[in-house]
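Novice: Going by the working numbering, the sequence shown opens with residue 41, and the numbers climb by one from there.
Be a bit skeptical, because a hint or two may be false.
[As the list claims (entries may be wrong)] With a Cα cut of at most 20 Å, we get these calculated DMTMM-like pairs of lysine to aspartate or glutamate:
| id | residue 1 | residue 2 |
| --- | --- | --- |
| 1 | 100 | 148 |
| 2 | 109 | 63 |
| 3 | 60 | 168 |
| 4 | 250 | 236 |
| 5 | 100 | 55 |
| 6 | 104 | 130 |
| 7 | 109 | 164 |
| 8 | 185 | 44 |
| 9 | 185 | 168 |
| 10 | 185 | 130 |
| 11 | 104 | 62 |
| 12 | 185 | 169 |
| 13 | 250 | 44 |
| 14 | 249 | 55 |
| 15 | 60 | 152 |
| 16 | 60 | 99 |
| 17 | 249 | 44 |
| 18 | 109 | 99 |
| 19 | 185 | 151 |
| 20 | 104 | 55 |
| 21 | 250 | 55 |
| 22 | 60 | 130 |
| 23 | 207 | 55 |
| 24 | 109 | 62 |
| 25 | 250 | 167 |
| 26 | 109 | 180 |
| 27 | 109 | 152 |
| 28 | 104 | 63 |
| 29 | 109 | 130 |
| 30 | 109 | 55 |
| 31 | 185 | 62 |
[Said to hold, decoys possible] Simulated DEER-style distance windows between Cβ atoms:
| id | residue 1 | residue 2 | range |
| --- | --- | --- | --- |
| 32 | 136 | 234 | 37 to 43 Å |
| 33 | 230 | 170 | 25 to 31 Å |
| 34 | 225 | 152 | 24 to 30 Å |
| 35 | 151 | 182 | 31 to 37 Å |
| 36 | 207 | 93 | 16 to 22 Å |
| 37 | 154 | 238 | 37 to 43 Å |
To be clear, the hints were calculated from the coordinates, so they are not data collected in a lab.
Positions of the beta carbon are idealized from the N, C-alpha and C atoms, including for glycine.
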Amino acid sequence: MTIELRGIPFTLLPEKALYKQDERLLIIADVHLGKASHFRKEGISIPTQAQTADYLNLEKLFLKIQPDKVYFLGDLFHSTFNRDWHNFCDLIALFPHIQFTLVRGNHDLIDEALFRQICIAVTDTIEDDHFIYSHEPLTDVTNGKLNIVGHIHPGIVLSGAGRQSIKLPCFHISPSLMILPAFGVLTGLYSMPCNEQTTVYGILPGMVKKIM
Numbered sequence: 041m042t043i044e045l046r047g048i049p050f051t052l053l054p055e056k057a058l059y060k061q062d063e064r065l066l067i068i069a070d071v072h073l074g075k076a077s078h079f080r081k082e083g084i085s086i087p088t089q090a091q092t093a094d095y096l097n098l099e100k101l102f103l104k105i106q107p108d109k110v111y112f113l114g115d116l117f118h119s120t121f122n123r124d125w126h127n128f129c130d131l132i133a134l135f136p137h138i139q140f141t142l143v144r145g146n147h148d149l150i151d152e153a154l155f156r157q158i159c160i161a162v163t164d165t166i167e168d169d170h171f172i173y174s175h176e177p178l179t180d181v182t183n184g185k186l187n188i189v190g191h192i193h194p195g196i197v198l199s200g201a202g203r204q205s206i207k208l209p210c211f212h213i214s215p216s217l218m219i220l221p222a223f224g225v226l227t228g229l230y231s232m233p234c235n236e237q238t239t240v241y242g243i244l245p246g247m248v249k250k251i252m
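Using the sequences and the accompanying hints, generate a full structural model.
Specialist: Now the structure itself:
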């Protein structure tokens, strides 16, 4: 689904990512790689292959979109260095033509020097004429810019007849803030408040649909 943000076309992808066509820029939030390994280290039993889908989903998305640039909006990794780092390096090596940037999140504890070794830039925010990209929402967004973030793992609850309900990941947009869905498979959903100033796009299998 294509929408306009500040007069500029973006595509909302059912893969839970955002694409800015004019820059060939793919934007992804909250992958949380290494989370399964982190849980096992803490004594929580999670199968070794639990996070395999994240690497496959990233690879498929890069091949489908063929971006020139990728912004990871924080929490790319869930914890300190673990075996998942090598899996990530193998993935990145498949796409030497893509310029990767990590916008640091609260869970990104891996030494920045390791990212530089595989040609990934690391920063706290990225700002251009219309947008400010960060992991968490900023308290002060000036000049009418839109703050595009992750961190919150937004979800929307849809209710039907017979007290049936389903919670979907979503893109949540308010006048100065756009919150992206969490990309990773081992992430929960936070039910977002909605009002007349918010627009919500729910993510269904293979499609994105405007909910409100």
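Novice: Checked against the structure, which of the hints given earlier come out wrong?
Specialist: 1, 10, 15, 19, 22, 25 and 26
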